[in-house]
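**Student:** Protein sequence lines correspond, in order, to chains C and H.
Residue numbers are given in our numbering: position 117 of the first sequence equals residue 117, and the series is strictly consecutive.
Residue numbers are given in our numbering: position 157 of the second sequence equals residue 157, and the series is strictly consecutive.
Fair warning: there could be bad hints in the mix.
If you only want the chain H side, here are some residues facing chain C, beta carbon under 7 Å, derived [as the list claims (entries may be wrong)]:
hint, residue
1, GLN145
2, MET148
3, VAL150
4, ALA156
5, THR159
6, ARG257
7, SER355
8, PRO434
Derived CB-CB ranges, DEER-like [what the hints assert, rightly or not]:
hint, chain 1, residue 1, chain 2, residue 2, range
9, C, ALA76, H, GLU520, 17 to 27 Å
10, H, ALA407, C, LYS78, 29 to 39 Å
11, H, ARG461, C, GLU52, 35 to 45 Å
Hints in this document: simulated from the structure, not taken from any laboratory.
Cβ atoms here follow ideal geometry from the backbone N, Cα and C, with glycine treated the same way.
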Amino acid sequence: MADIYTPDWYEEVRDAMNARVATMKDPPGGELQIKVEIYGDGVSPYVAEGSERHFLVRIEEGHCAWYREVEGDDPAVKLDYRFRGSGNTFDEIAAGLEDPITAALHGTVKVRGDMRFLMRQAEHVKVLLEAYATGVQTSWPLGRPPYAATQEEAVRA
Amino acid sequence: MRDSYDAIIVGAGHNGLTLGAYLARSGLEVLVLERRHEEGGGLCTEELTLSGFLHNVHANYHTFVDLAPPVHDLDVRGHGVEYVRPEVQMASIYGDGTALTVHTDLDKTCASIARFSEEDAETFRRLYVEAHGYVDLLLSTLMYQPPMSVKELTRALATFGVEDRSEFLSVKLRRETINQFLDQHFTHPKVKAHLAFHGAVCAYTNDVPGLAIGFPLLVGKIDNWHLCIGGSHRLAHALWRDLAQHGGVMVSDADVRAILVDGNRAVGVRLADGTEVVARKLVASTVSVEQTFLEFLEPSTVPEELRGRIKNDVKHKDWTLFSVHLAMSTLPEYSAAEFDPDVNRAWVVNLGYGSLEELNADFAAARAGQLPEPKPNAAVNSLYDPTDAPPGCATGLLRQFAPFAIAGGGEGEWESLGRWYGHRCIEAWRSHAPNLTDDVILDWVPYTPLEIAQKFPNMVRGDWMMGEVSLANMLDQRPLPELGQYRTPVEALYMAGSTQHPHGFITFAPAYNALQVIAEDLGIDTWWRQV
């Protein structure tokens, strides 16, 4: 079990995504780069209030090639999608407490990019999101949403 | 004007200017041709009554400000456009002297609705919050990209399980009217009437099957109505400035009479004075499909079947608007202010529709060519724009849902009916605002459906949405399936005006979506797609 937002955790997310995509009959081709931006909201202990953590996800032939933390926007990196939301929202999604599609529908996660492609690849998108939300056993060193006060409490939670 | 350009755009309405500005910013040499004496199309502001009184002849409500990508991409504010978002956006005044007000403050709107029904106020709050959450997602999915089919959308919504995640979105809405949606979710007739009225002003007629699908989106931006300070034409100026600053050219009084075709490729246009201008890469039409395919193109260049379908199958709105523009020496003071003082600050006021049945009856009358007993809506821009009238004075705009052709006499009847019906509309306003006596109305002019069609031939039969607003005439079916993706059977000829998805109104979307298609075809760098 990897700590959230660590290289090991990203690899587990990637593997979870790819395991699910492997069950798909006809995953879409092509390459996509997705930026995930998480801003501190004063609730999540993993993203300080006023700061942001950015992640880049690369999809190749329907599979996640890599998932890594990056610094800000790199103009050389062409993005296809940008997902943006608060630390608390993304923590809750990773903890399986918040449904990522509902978060997008309700605007707590903002999605930018070619929505027509995203709608046409709904099955694939859904598989990736479900893998992110429920496919990884996550360790929460600073507490699991709703953020227990101590690590012992977090473990009990 | 030179002999040739990369792109020639027919029509300098907001869509033509928007497309031109994007292409000019992309490095193309662009020419936009306008039949009238000025750019803007429906973004038309004139001193129709007295000097110093600025009347928006057509477009008055800018509801996509900060939602439509071109507002940002083309820096319209940097080019001088100033928008104000009135605190009291809209009101309904009912026959019994009660009133409902919609504010930019959700709590105030809900408090107003609660005076009629606390249950409806709670429902409205949930609907607004839900719709406000996904309004930009829906806009980017449904409006600001070339359209998908209803089938594709339905499949995606089912895959994402949207019905299970939303109280108000449902696949069945594609078969339902706004009336049905309102009856399912709301209880009080006046609340339902106000929400239906709001939809109707946006051309989403409450009794048309399938339009319920768009209703949550309308509610999501119900408080995003903006007024363009100094008149809507300021936006046209801004778009023209952007075009010009990037090397584009707009020529007015340039009456296009023909789109020139070589082989099966559009290669230029011919003007009324015989001037021919070459289009090296594309011609885009933002006027009607009738003008484009039946007047501008030689019959031999258009497939016979398409000509027939344009003549027979292109659908236009079955009601239009009769307007009265007023110059006044005072603001209206409504009797209903005793019930809700905020009605005196409401920008747009529904004067009398208190039930869905009343709206149904008047749309049925208009479709039958009959004049409804006036229940106009009144917009007083001077409440929020101190520049649109001399100090101490105000402009007024009355709009009544009305037929284009009068039963038994046709549209020509409007020439004799305009003053008479206008007077009746003023009387209807006065019945709610008794201070609007003859002595404070300094001047007024009617603006009839016939005049709409005469002033703007692209608004066929006074159709200010340039095509019926119905599910059958939306998305990739608008205006016909073979034209639904902005391309045409004539190579290098594109449709980029309000005949296309989504529809009229100041959305910028037809031009923005045509731009995506043109960029794909010409390999233009899509600098505007900043993910």
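**Student:** Of the numbered hints stated earlier in the document, which are not met by this structure?
**Tutor:** When the structure is compared with the hints, numbers 3, 6, 7, 8, 10 and 11 turn out to be violated.
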